[in-house]
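Peer 1: So the chains spell out like this:
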Amino acid sequence: MMGTILPVLASLLLFPGGLTVFLTGMAYEWMNRKLLARFQTRVGPRWFQPLADVIKLLAKEEVVPEDVHPGLFTALPVVALAGCLTAALYVPLWGVGPLYNFPGDLIVTLFLLSLLTLCLGIAGANTFDRFSLVGATRAFTQLFSYEAPFLLALLGPAFVAGSWQIDEIMASGAARWVILTQPIGFIVAVIGLIGKLELPPFDAPEAETEIVAGSLTEYSGRGLALFHMGKIIELVLGITLIAALYLGGLYSPLDFLIKTIALLIVIVILEALFARLRIDQSVGLWWRYGTLLVLLQWLGTIFWKGVAI
Amino acid sequence: MEKTEHKKGFTIPIGPQHPALKEPGHFRITVDGEIVTDVDVRLGYAHRGIEKAAEARSWVQNLYLFERVCGICSHIHAMAYCLGVERLAGVEAPPRAQAIRVLVAELERIHSHLLWLGVAAHEAGFDTLFMYSWRDRETIMDVLERFSGNRVNYSANILGGVKYDLDDEFVQFMCEGLDYLETRSEYYLEVVTTDAMFLQRTQNIGVMTRSQAELLGTVGPTARASNVHRDIRYEAPYSAYKQFPISIVLDQRGDLEARFVVRIKELFESYRLIRRILEELPEGDLAARMPRKIAEGETVSRVEAPRGELFYFIKSNGSDTPERVRVRTPTICNMMSVVKLAIGHQLADVPMILAGIDPCFSCNDRMFRVHLDQSVYANVGPLKG
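Heads up: the protein sequence lines correspond to chains V and Y, in order.
Under the working numbering, the first sequence has 58 at position 58, and the numbering climbs by one with no breaks.
To convert, take the position in the second sequence, counting from 1, and add 309; that gives the working numbering.
FYI, nobody ran anything at the bench for these hints, they're computed from the structure.
Keep in mind that the hints are not guaranteed to be accurate.
Chain Y is nowhere near these chain V residues, computed Cβ spacing over 10 Å in every case [claimed, not checked]:
no.	residue
1	L19
2	W30
3	L155
4	G162
5	A262
6	G306
Quick list of in silico lysine to any residue cross-link-like pairs, SDA-like style, CA-CA up to 20 Å [what the hints assert, rightly or not]:
no.	chain 1	residue 1	chain 2	residue 2
7	V	K34	Y	T437
8	V	K34	Y	M440
9	Y	K331	V	E208
10	Y	K551	Y	Y580
11	Y	K331	Y	R675
12	V	K60	V	A75
Computed from a prediction, not measured in an experiment: that's the story for all the values here.
Here a beta-carbon is modelled for each residue, glycine too, at the ideal position from N, C-alpha and C.
The whole structure should be built from the sequences, with the hints applied where relevant.
Peer 2: Written out as structure tokens, the structure is:
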């Protein structure tokens, strides 16, 4: 009995789940911040800064504002982080293959990743802070705009592979990278990930020059730390997922590092390059261009598949 | 005030403490969804009683007091004060001193405009441009430090002239800096006029027509971006601007992009003027002798600060302290345009529109009473009372 439980616990808590996910998230956050800083001719944070931030926030007192539902206020960050950690189980993190899989795990993973944005929005709407309320509105607006094209873009490779299971899609794309056959889908997926993570230029939901910190304005201490952890884990998971589906799969730790870091660099360059979009502009961008392009891609794929058969 | 309390809609307070504002000011923005329906502005959080303090200090001491009205355009305040006091005393600064004053004023304009470019880019979430322009601004800060020993309060003026002279080594250093900045400014002009994502945030945002700009009493680059010919250096040349005239930079469009373009083009004008001054720098003394007591009388001194017209009223009763000094900074003239222009725009555009006038809150806080004549504003549309 103990013999079967211990490896399971170790894989959930140490590797590749749990602790490894946290540390990978921090490492990627540091790379993101450092690269962005260097692109902007700044010095950037030291290597342990993300860890120091989280420890500091966890140690701080959490102020629960008046007029909020206290249960929701405390539960939402936990749910958001739990969603991200659960999603990590189905993603081939570090190239060792997903810990668990079942037919349809791609859909489940994508929805688990959306849980964070959902929790962010509800957290903002839960407080009476006006910045939070505007932030929540924007977070939801953004959710409804990027989610459809992002989902369609990630389902493209699944469609070609004829499976909803991540490792099967990876296997089918290993020989010929999906990025070569579905370049538009890849671009939409990367930009969708930036929107999902609320990174610049899609950071209108937390635009500090307008609405301070958006939904998270009232969060301090533990809640903020958990949301933050959720976000950096989602960064890693998102990159891993795109690399696995579009860049020929992840089969070894070296494979993982090369492909995800390359993707991260692309994302940081996009972050550094653009001014923030207004929320109406990002909605317009997603529905007018993103969705249409990805649908075109689908049409092409369907056509091609029909011809091939 | 009563009326705004009962207004419907969702009010978002920006300030007095807010990440978008580096200085205290309070804006109550009423929004309907994301659309701004009403803006109220409240200033006065940084009132320091400088005008009153001036009455208890001697003419010379006041020079250092007024240099500290603004943390960015310190030189131009001291210059406006000096020009006024010199006029009252009937003393004229030597030509070399006047040329050096103008040279420092233009260096200060470059530093202020580059600073503004960064702040405005940051408000648009374009932090890369922010960091780049502030990095390049360090060049001009180094030049000013080499000139005077200080980065911000250079203290170049004294009553009757200037303190510091230009030497060859410094001129060489400055010219190298200007050459570098000129190429950088060309690049920034290209960025703000061609970057599609950035143009989405500036083109046709906060459009102010020429008649609106005139009615709202805007000054400086804000007015010039709406094609209003308003530049004291051009309209009423003071000090060395008579010998070294500038050409006024105008733009027809009146939107945020025009405000970027006007300010960056003014940089080129400043580079040109500084080089011209260096070529034809008059020889002679640095300062004329000033009396300790200033003859009775009153005068108005107007200069063009980086943000627009700076106005000093100085009254002397014949003693060694001024009886009254009144300062009006350009931000207060431009503030009403923000209130007017923001209505109908998206909430996300408000920080940009506010940054578009290059506000400097701490300088504009003065105590005075205004009797509002509503009929004046009839042509611009209703303003809240």
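Peer 1: For each hint, tell me whether it holds in the structure or not.
Peer 2: Checked hints:
1. L19: holds, 33 Å
2. W30: V/W30 is indeed farther than 10 Å from all Cβ atoms of chain Y, at 18 Å.
3. L155: Fine: 28 Å to the nearest Cβ keeps V/L155 off the interface.
4. G162: With a cut-off of 10 Å, V/G162 remains clear of chain Y, as the shortest Cβ separation is near 38 Å.
5. A262: Given a closest Cβ separation of 21 Å, the condition holds.
6. G306: Per Cβ check, V/G306 is outside 10 Å of chain Y; nearest 37 Å; holds.
7. V/K34 to Y/T437: Holds, at roughly 14 Å.
8. V/K34 to Y/M440: holds, 14 Å
9. Y/K331 to V/E208: OK: Y/K331 and V/E208 at ~12 Å, within 20 Å.
10. Y/K551 to Y/Y580: Holds - the C-alpha atoms of Y/Y580 and Y/K551 are around 17 Å apart, at most 20 Å.
11. Y/K331 to Y/R675: holds, 19 Å
12. V/K60 to V/A75: Judged against 20 Å, a Cα distance of about 17 Å means the pair holds.
In the structure shown, no violation is registered for any of the earlier numbered hints.
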